[in-house]
Amino acid sequence: MWLTSKIKQVLLVIKPGTVTLPYPFEPHPVPEGYRGQPSWDHHKCIGCGGCAAHCPARTIFIRDLCQDLRVMVYDGGRCTYCGRCADVCPEKAITMTKNYELATGSKKDLCTTMELFMATCNRCGRCYEMETKNAIDRMNLKGYRYDNLEMRAVLPVCTEQFDTGMLAKSDRFKRPERIGE
Amino acid sequence: MLANLAKKILPRSLWVYHCNSGACNGCDIEILNVLTPYYDVERFGIKVVGSPRHADVMLISGAVTRPTLPLVKRAYDAMPNPKLVFGIGSCTIGGNMWADSYNVCGGADQAVPVNYFVPGCPPRPEAIIYGVALALGLVPQQAAPVELKQMEFPIDMYERNKAWEDRNVIYELLK
Numbered sequence: 001m002w003l004t005s006k007i008k009q010v011l012l013v014i015k016p017g018t019v020t021l022p023y024p025f026e027p028h029p030v031p032e033g034y035r036g037q038p039s040w041d042h043h044k045c046i047g048c049g050g051c052a053a054h055c056p057a058r059t060i061f062i063r064d065l066c067q068d069l070r071v072m073v074y075d076g077g078r079c080t081y082c083g084r085c086a087d088v089c090p091e092k093a094i095t096m097t098k099n100y101e102l103a104t105g106s107k108k109d110l111c112t113t114m115e116l117f118m119a120t121c122n123r124c125g126r127c128y129e130m131e132t133k134n135a136i137d138r139m140n141l142k143g144y145r146y147d148n149l150e151m152r153a154v155l156p157v158c159t160e161q162f163d164t165g166m167l168a169k170s171d172r173f174k175r176p177e178r179i180g181e
Numbered sequence: 001m002l003a004n005l006a007k008k009i010l011p012r013s014l015w016v017y018h019c020n021s022g023a024c025n026g027c028d029i030e031i032l033n034v035l036t037p038y039y040d041v042e043r044f045g046i047k048v049v050g051s052p053r054h055a056d057v058m059l060i061s062g063a064v065t066r067p068t069l070p071l072v073k074r075a076y077d078a079m080p081n082p083k084l085v086f087g088i089g090s091c092t093i094g095g096n097m098w099a100d101s102y103n104v105c106g107g108a109d110q111a112v113p114v115n116y117f118v119p120g121c122p123p124r125p126e127a128i129i130y131g132v133a134l135a136l137g138l139v140p141q142q143a144a145p146v147e148l149k150q151m152e153f154p155i156d157m158y159e160r161n162k163a164w165e166d167r168n169v170i171y172e173l174l175k
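Sequences listed follow chains C and W, in order.
When we follow the numbering used here, the leftmost residue of the first sequence carries the number 1, and every step to the right adds one.
When we follow the numbering used here, the leftmost residue of the second sequence carries the number 1, and every step to the right adds one.
No lab work stands behind these hints: they were computed from the structure.
One should not assume that every hint holds.
Chain C is faced by these chain W residues, among others (derived, beta-carbon under 7 Å) [stated by the list, open to error]:
1) Tyr38
2) Met97
3) Ala99
4) Tyr102
5) Ile129
Backbone N, C-alpha and C fix where the C-beta goes; we use that ideal spot for every residue, glycine too.
Based on the sequences and whatever the hints tell you, model everything.
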C-alpha cells in the first residue's frame, strides 16, 4: 500500500512541476510598490533636514561643517525602509529603490554620505535658520524682513548661538521713543 | 564512498542554528519562509538544527536585549569551531529603532562577533538567501558605501577666487 501512495504522490507532484525559485543564479523581480534601499539625489536636495527630523529609527544625521557646507550621513544598517523620508522630502530628492540585495560583512557598506552647499541670505550673508522642526513651527517663526530692525538684532549668527530667550525678548521689545532711551 | 562523494559535491553544507534574541518574530517568519519549497535552501545544503552544538552558523535575529545577552553568549560558546554568525534584520546591525534604548545592547555585534549582516525590516527571503550565497561565494557583493557631493560652485567663494586670480594676472604681467 505504501508503494501505491508513493506513486500517487509522485504523480501529484509532476502536475505542478518545479516551484522552487532559481533565485541566487537568476534575479527575482520584486512586487510593485516594494520599498528597498532609499537613494538620495544630491542635485535636488536642498538640505532642509526634513528626512532627519522624521526618521523613526533616527538613521539620518546632519552636521554643519562650516557656514555653507552641510554633511548628511545616512546609516542604512538601522533603516526600517518605512519610506517616511521619501514622503516628507519637499523636493522629491529621495526615492525608494527596489534594491534589497544588501547583505554585507561591514556596516559601513550601507552608509550614504552627502555634502551639500547651503545657500546664504543675500542680505546678511549667513545661512537660513534651519533648526525649526516642522511646518507649523516654521509658520510661527518670524522671518527675516528688511524693515524689521528689531529682528536684525536677534537674528542668530549660527545655530549654536541661537537662543529662544532672545526671540521671546524681541516680542516684548518696545521701540524707543526718544534717542538714548 | 557515498560520504566522500557528498563531501565533493557539497563541500560547504552549513547547518544553521536559529537564535532569537528578542526579535519581533518578523525576521523569524522570514527565516522559516526560506525553508519552504518555494525558496528551498536545502539545495545549498543548509539545514536548521535544534542545538548550537550541531551548528556551523548562528542566525541571530533581533537587537540583543538585556535578558537574552548571557544566553546568546552561551549559545555562541557552545558552537564548535569554525563558526559563522549571521545577523538577520536591521535590529542586529545597530539596534534598529531601539538603538538608544536602555534595554538593548545596540546590535548583535555588541554581544558576539557577527560575520555577515542582512539588512531589512524584515529582510525578504531572497535577501536572506543572498546573504547565505554571499557567504558561500556564489554571488558578488553589491553593497558599497556611497559618497555624494554637490559639485556646484558656492558663488561668493568662486567670485573671491576669481578676483584673486585676476589680481595675480597683473602681477605676472609685471614680471
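Hint check results:
1. With a least beta-carbon distance of about 6 Å to chain C, the hint placing Tyr38/W at the interface is held under the 7 Å criterion.
2. Look at Met97/W: its Cβ gets to within about 5 Å of chain C, closer than 7 Å, so that hint holds up.
3. Using the Cβ-Cβ criterion of 7 Å, the hint placing Ala99/W at the interface with chain C is satisfied: the shortest such distance is roughly 6 Å.
4. The criterion of a C-beta within 7 Å of any C-beta in chain C is not met by Tyr102/W, whose closest approach is roughly 16 Å, and the hint is violated.
5. Among the interface hints, the one on Ile129/W holds; its C-beta lies about 5 Å from the nearest C-beta in chain C, closer than the 7 Å criterion.
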